[in-house]
Amino acid sequence: MFKILNETFRTGIVTTGYPAAAADIAAGFRGLPRIDFPAWRDARPAAEVCPTDAISAVDLGGVRDVTVDYGLCVFCGLCAEATPEGAIQITPEFELAVEHRQELILSAHYGLNEDGSHRDLISVRPGAAAVEPAAERAGRKLKEQISATLGRSLAIREVDAGSCNGCELEIHALNNPIYDIERFGVHFVASPRHADMLLVTGPVTRNMEVALKKTYLATPEPRLVVAVGACGISGGIFGRNYASLGGADQVVPVDVYIPGCPPRPQALLQGILMAIGRMKQALHLST
Amino acid sequence: MLSFIESLAHRLGGQVERVAARNEHEVYLQLRDADSRPAISILRSEYQGRVASVFAEDRRSADACFFVYHVIEFPGDPAYLLLSTRIDHTDPHFPSHSVDIPALNWQEREIQDMFGIQSDDHPNPRRVALHDNWPDVHPLRKEFSLTTVLPEFEGERHIYRPALGEGVFQIPVGPVHAGIIEPGHFSFAVAGEPILYLQLRMFYTHKGTEKLFEGMPVERAVFLAESISGDSSFSHGTAFCQAVERAGAIELPLLAARMRTILLELERVYNHVADIGAIATDVGFGIANAHASRLREMIFGLNEVLTGNRLLRGMVRVGGVRRAWNESQLSALRLTVHGFESEFRHLVDLIVSSDSTRDRLERTGVLRLEKARDLGIVGVAGRASGIDLDVRRDHPYAAYGDFEIHPPVYDGGDVWHRMQVRIDEVPASLNIISALLDSDLHGEPCTPFDRIAPDSCALSSVEGWRGEIMHWIRVGADNRLERCKIKDPSLNNWPALVEAVQGNIIPDFPVINKSFNLSYSGTDR
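Respectively, the protein sequence lines represent chains A and B.
Residue 287, in this note's numbering, is where the first sequence stops; the numbers in between run on with no holes.
Residue 525, in this note's numbering, is where the second sequence stops; the numbers in between run on with no holes.
If you are wondering where the hints come from, they were derived from the structure by calculation, not from laboratory data.
Don't take each hint at face value.
[Claimed, not checked] Here are the computed distance ranges between Cβ atoms for each label pair:
{"no.": "1", "chain 1": "B", "residue 1": "Val173", "chain 2": "A", "residue 2": "Leu217", "range": "16 to 24 Å"}
{"no.": "2", "chain 1": "A", "residue 1": "Leu5", "chain 2": "B", "residue 2": "Phe169", "range": "56 to 64 Å"}
{"no.": "3", "chain 1": "A", "residue 1": "Asn6", "chain 2": "B", "residue 2": "Gly503", "range": "35 to 43 Å"}
We put the beta carbon where it would ideally sit given N, CA and C, even for glycine.
I would like the entire structure built from these sequences, with the hints used as guidance.
Laid out in C-alpha cells, this is it:
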C-alpha cells in the first residue's frame, strides 16, 4: 500500500492540458500534408509514390484533374519528399475531424505544359466523395438534441470492424492517465446497449458486416457514429476488395470522420468532442 | 546454407527432385512425389526439424501446377529448409500432417479455403478463413480478381461442438467484445465457473491482405506490411523489406541494420510494458496499469521523435530506413532509454511485491511443454512453457549477429511466467539499444536498388515482440509482387489459449487471454 501511494506521489499529475492548452507534440510528427496548389509544378511524382492513392492525377484533353483525399492519407510524408519544389509541406496539424466525407477531399485542375508539368492552375474546389456513403448521416437533424442529451456525459462502444489494431492502441491511450478522456465525462462501455456513440475502426470486412449492423441497431437512439482512421473512413490501404467493403459509412451512417493512421489520441479526443458539440471543427480545406 | 544438406539429400534419396540454395538463409528442396509425409517424418525424427509454416502458391501459368511449401528449421542452423511439392492442378490435393503436427491444423485448412487444394485426411477439414456467408470461391487462385464483388450467400451454419450434461452451459462471446479489442468469436462450455473447453472462431478481420500484395510494387507494399498487425508495424515492415532485400540481393547498410534493431527493440518494449500493465488490470490492479501506460507513452513519444509516428510507421523501407537520425534525436533516445530503465524497475517492483496479484497469476492458465510443442507455440508464450526459440539468436538479421541473445525460458507455463518473460526481456532490449547507442550511428541509411530479377523469391523471419514472424515473397515483373505469404506468431499461438484455459474459471479468462495477447488481424489478414 505504501509503495502504491509512494509511486503516485513520485510521479505526480501527468495528465495533458489539451485541449485547453496546446498539444505536446514532437518536432518530427507527420500531420496534415498541406498543398500549395498554385506553386505545385507537377502532381505526378506525389501521385506515383502515394501508397493509398490519396493523391491521384488523371490527364484528359490537356487538363490534369488532381484529387487529394485526406480520408485515404496514411501520413507517410512521401508526397512531400517526391515534390522537389516544396509545394507539399508536412505540417504538425492533427485536428482533422470533419462532419462530411467530402470535406476531406480537394480537387484541382491544371493546364499542362508539353512535358506534362503544370502550366497554370485552373481551379481548386472541394471534391466529391469518390464513393458515396451507402448510409446517410444519422445525427445531423438531431444535432442539437444530441448535444443537449449527451453533451455532458457520453458512453462509447468501440467496434473494430476489421482494423489492424493500430487505431485500438491509440483509443486505449485515451483511457490512460495522460489523455484521461473521463475528465470530459466520456467513458467506454462494454455493450452497445449502454452506448451513445459507436467508434468504428478498420475497413469493414465481409466477415464483420453483419456484426457492425447488429451493433448499430442495438445502440439506443439518439446515437452517433464516428469513423476512425484512414481505414474507417475509406478502407485506407485495404480499400474495397473481395473481403473489404471499405469505410464504415458503407454500412452504417457516420457523423464524424477522424483521419490518421492511426489518429493520435488528441486527434481522437477532438473528433469525439466535436461530435457532441464540445469542440469545433478545425479543418476547413476549401477556405 | 544448411550444413547437412548433402547428407540429407542422400538420406531422402529417390524422393528428391532437386535442391537449390537461393541465398545463405534458405535452401529449397523439391520432392519428386506429391506426398511429403515420408520426407517430413525423416526430417522431424532424424534431424529434429520443426515445421514452422506451410503455405501454397498458384503457379499454374508458369509451371502448370500449384506448389505447397513446408518451412522447416533445424536446431543450431541459421538456414531454413523449404520443402516443396508439386500439386497437380486438375485434381489438387495434398496430404495433411495435422494428426502428427497439430500446429498445422489452421494453416492447412487455410490452403483449402484460399486455393481450393484439398487437404487429404485432415481431422477437421471445415472452412477456417472463409465464413458461412462465402460462396465456393478460392481467393488466392490467380483467376480470382481482387475486386470481385461477392454475392450475398447463405451457406451451411458453422456448428460448434455442443455442450451437453447437467449444469453445463455454453457462453458465446463476440465477435464484438466488451473491451477495446479486435473481433473474434469465443464459445465457452462451462460447468459452473470452470471452463470445460473453449472453441475459437477467427478470421473476422480477414481483409484480403495477401491477395492485395499481389501485383503491388514492392516499395508501396511496405505500407501494407505495416498494417498487417498494428502493434507490430515495424516488425512486419522489417520482415517484408528483408524478404525483398534477400530476393534482390540488396545489401543493408550497417547504419540501417543498427537503426532497425533499435526500433525493433523499442516495439518490443512498448508492447511488453503495455501487456504487463494489462495483466495487472485484469486482476484488479488498475493503478499498476496507470503507471504501465504512462511508461508506454514515454516510448510512444520517443517513437514519434525518431520516426515521426507513434507506432513507428513510415520509417522502414526496402534497402534500409528512410532517414538517419540527427544528434538531437539520438540524445532523446539516450535520455528516454536511460530514464525508462529505472521507471520500469519501479513498475515491476510494484507488481511483483503484490501478493494478491501473484496469487491470481501463479498456476493460472497453464500451458504445458508437451502441449506447447505439439501446437508449435512460439515467442513469449513458448518461452514461458519451456520452448527455447528466438529468431534473433537462431536466424540472426539486422544487427542481431553482433549480440549474444539469451532468451528467458521457463517451465511454469502460467500467466505469471508469461509476464516474467516480458519482465526479463525489457531490460535485455534496453541493453541492446544502449550498446547500439555506443556504436557508430552515422552513414548511409539506405542502399538504392534497381530492378529485381523476375521470379526471385525469398523467406524472411523476424522475432516480433510476440514471436516468430515470417514473410515469403516472390517478385514478378517490374518489381511487383507475385505472392506474399505472411505468418504472424498469433496464427501459431491461438490454439494455446484453448489449452491454457481448460479447468480455469471464467473470471480468469481475460487475464489468461491477455497474457498471450494475440493479434487477430495478424492471424486473419
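Hint by hint, here is what the structure shows:
1. B:Val173 / A:Leu217: 16 to 24 Å: Hint holds: Cβ distance 19 Å, inside 16 to 24 Å.
2. A:Leu5 / B:Phe169: 56 to 64 Å: Taking Cβ atoms as reference, Leu5 of chain A and Phe169 of chain B lie about 42 Å apart, which means the hint is violated.
3. A:Asn6 / B:Gly503: 35 to 43 Å: About 38 Å separates the Cβ atoms of Asn6 of chain A and Gly503 of chain B, which means 35 to 43 Å holds.
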